[in-house]
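Peer 1: Sequence:
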Amino acid sequence: QVQLVESGGGLVQAGGSLRLSCAASGSTHSIMTTGWYRQAPGKQRELVADIGSGGSTNYADSVKGRFTISRDNAKSTVYLQMNSLKPEDTAVYYCNAVLFITRNTFWGQGTQVTVSS
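Note that the sequence shown covers residues 1379 to 1495 in the numbering used here.
Watch out, some of these pointers could steer you wrong.
Using 20 Å as the maximum straight-line C-alpha spacing, the simulated EDC-like pairs for lysine to aspartate or glutamate come out as follows [claimed, not checked]:
{"id": "1", "residue 1": "LYS1453", "residue 2": "ASP1428"}
{"id": "2", "residue 1": "LYS1442", "residue 2": "GLU1466"}
{"id": "3", "residue 1": "LYS1421", "residue 2": "GLU1466"}
{"id": "4", "residue 1": "LYS1453", "residue 2": "ASP1439"}
{"id": "5", "residue 1": "LYS1442", "residue 2": "GLU1424"}
{"id": "6", "residue 1": "LYS1421", "residue 2": "ASP1450"}
{"id": "7", "residue 1": "LYS1453", "residue 2": "GLU1424"}
{"id": "8", "residue 1": "LYS1464", "residue 2": "ASP1439"}
The hints are simulated quantities; they were obtained by calculation from the structure and are not laboratory data.
Build out the structure end to end from the sequences listed, making use of the hints.
Peer 2: Here is the structure:
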């Protein structure tokens, strides 16, 4: 089992920055991939970025060049640095972890990001 707790959301003006944190606990050694997803009102949840256990990263086209995902293994924490934020980035952001072998998936409770124009 893995528990995920997100933090760092808030209200920011367009062009501003926020850093989200996802702290994992439990069987963190079993995590294969950690990702950030977002869901805006009336829309489906979508992948924003993910990072593998080996450090490989993947980004949605809409955030490439603006967002950076990183990890601190000592703290079992994954970060999402969001720069040049746009109103269309407004959503609830969720942390996700997928385990090796079982491919079991775990979600955090979500953190709201609101970008005003």
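Peer 1: A separate judgement is required for each hint: does it hold in the structure or not?
Peer 2: Going through the hints against the structure:
1. LYS1453 - ASP1428: holds (17 Å)
2. LYS1442 - GLU1466: Distance of about 14 Å is within 20 Å: holds.
3. LYS1421 - GLU1466: Holds. LYS1421 to GLU1466 sits at ~12 Å (cutoff 20 Å).
4. LYS1453 - ASP1439: violated (28 Å)
5. LYS1442 - GLU1424: holds (14 Å)
6. LYS1421 - ASP1450: Distance of about 31 Å is beyond 20 Å: violated.
7. LYS1453 - GLU1424: violated (26 Å)
8. LYS1464 - ASP1439: With a Cα-Cα distance of about 14 Å, the restraint between LYS1464 and ASP1439 holds, given a limit of 20 Å.
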